[in-house]
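In case you want the letters, here they are:
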Amino acid sequence: MSANPVYIRGVGLHPFGRFPEQSVTELGLHAVRAAIADAAAGSDPAGSRAPGNTLDAAFCASVYSGVAAGHKVLSRIGCTGPPIMNIEAGCASGGAALSLGADLIRSGRYRNVLVFGMEKMPRGMIRSSFFPPWCEQAGLTPAPAYFALRAQRLIQESGVTREDLADVVVHNRRKGVDNPFAMFRKEVSQEEVLQSRLVCDPLHLWMLCSPNEGAAAVLLSSETASGHTPVELAASVLRSHQPGSALGEHTPLSGRIGDDPESPTTTAAREALAQGKLSLGDIDLVELQDTDAGRQILSIEELGLCAAGDGGAYVRAEQQKSKQTVAINPSGGLLSKGEPLGASALAQIVELVWQLRASAGARQVPGAKAGLAHTVGRGANASVSILVRH
Amino acid sequence: MGTRAQNWYPEDVQSRPIHEGLFSSPGDPGGLGLYAGYCWSCKALHFPATDDCPYCGATGCETRIVGKTASLYLGTVVTAAPPGYHGEVPYGFGLVDLPEGLRVISVIAETDVKQLRPGLPLRLGLRTLPCPEPEQAEGEALTLASWHYEPAAESP
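Listed in order, the protein sequences are those of chains X and L. 1007 is the number of the first residue of the first sequence in my numbering; add one for each residue after it. 23 is the number of the first residue of the second sequence in my numbering; add one for each residue after it.
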């Protein structure tokens, strides 16, 4: 039995930033309304109703929004009745919600599924309920220190320099200038990045993304419509970690020396490419997890865009424009947009849809036909999705 | 320098381990060590010790004392106190390799990042931390004892 195709009929975004006057419900509602309006604009004028009116199910991704967060959004616009499921999977919450929604369409159970995510992040260093209180008291929980250890490993084993880490920020912030939904829209220099406060060596403040607020929504459907360039969700895969590595995003207190199991990102990427019957060479643009500058390089390695250990060379080649096969984080990434956990993975999908419809304005990647989105975070969870234009 | 290791349960200061089952007391017959769990089924060690093996799911893991010495795998320095932490900043932080094959997250008693080179020889010690306020009000322990690794001045 062949699986049903999954199309992305409508997308919507609330800008990422700080919005003290708005509740998280209002942020989510903004994105959902935008996605429904986008789908309606793409529907045949005299044809069937836009999928927003005929929802079979909805998934809401969020980490900090409390009980029934998705229900509160959809109650505002009379979209209740169908199942509404609230999903938490750390940074990959949106990817988890997307893969669930897509699988229900692939299997033939549903025809129209709304997937949205939203967040109002607490300010400052992210406090997680993940660790027991004694770990916090003992000083074992600072997220930037875990990021820094991964970056230290890149320095030791992948030829990455502090300048390379700064150049990742320069690269992403340059792209973010053209993204009206990003929080930071100013170019920065390598020197400025290295002069920002040292948080956890080798990571300076500007090498870390800012936890913030925002929302994103995606309407999935088993049918395409004539109004927009059809974009198919060719694959969406969620994976968790295998035990053994002390450096994984599952942040264990111990691992085993020499035990380096395949990362959940690598597994998810391989399975997504197989699901979409594609190879990495088919991919024109990639939105990948850049929680910090080191994570971007690690994501490049784990996705297979370069060999493990070649991350430093890859970044330098990209910086010198000597290698431009794949556009990395054309949206500006989390380093430009900031990171509202529940919304960030779905915002990557929104960006890819705009790119594949050739409607991304000044940041358009010319001729983009296939895009890959990647998130990884607490759990550990990693999601990889692939979108193709028809 | 960050905080220094102190004697276990010194008579003038009420102290208790930050959490039960993490490490033995220097006064124990075997001396100070981390409690790791050893799985008889898959032979893997894990820390902190739990009855269940996080690698294969077998139960009945044996507690073993490990990590009296270590060498640094990767290190950094934390410059701002994370939520819930009331000890000194800055403090060293890293992954340390134990001779028993475990790689453990730990506070490192060294705040000069230039000293935190891979391979740095380390030895296990204890540090004291302020107790959360509610416990103080109840007249319970005044300080908490946690483990850290200190640079070993010379190789034994």
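Read the hints as simulated data drawn from the structure, not as lab findings. Mixed in with the good hints there might be a few duds.
Which stretches of chain X does chain L cover? Using the computed rule of at least three CB atoms under 8 Å from a CB of chain L, they are [to be verified]:
1) 1083-1089
2) 1134-1145
3) 1240-1252
Have a look at the derived ranges for each label pair, beta carbon to beta carbon [to be verified]:
4) X/1186 / L/38: 52 to 60 Å
5) L/173 / X/1162: 14 to 22 Å
6) L/103 / X/1086: 37 to 45 Å
7) L/52 / X/1115: 54 to 62 Å
8) X/1162 / L/73: 33 to 41 Å
The beta-carbon is built from N, C-alpha and C at its ideal position, and this holds for glycine as well.
Now the hints, each set against the structure:
| no. | hint | result |
| --- | --- | --- |
| 1 | 1083-1089 | violated (count 0) |
| 2 | 1134-1145 | holds (count 7) |
| 3 | 1240-1252 | holds (count 3) |
| 4 | X/1186 / L/38: 52 to 60 Å | holds, 55 Å |
| 5 | L/173 / X/1162: 14 to 22 Å | holds, 19 Å |
| 6 | L/103 / X/1086: 37 to 45 Å | holds, 44 Å |
| 7 | L/52 / X/1115: 54 to 62 Å | holds, 59 Å |
| 8 | X/1162 / L/73: 33 to 41 Å | holds, 35 Å |
In this structure, the one hint that does not hold is number 1.
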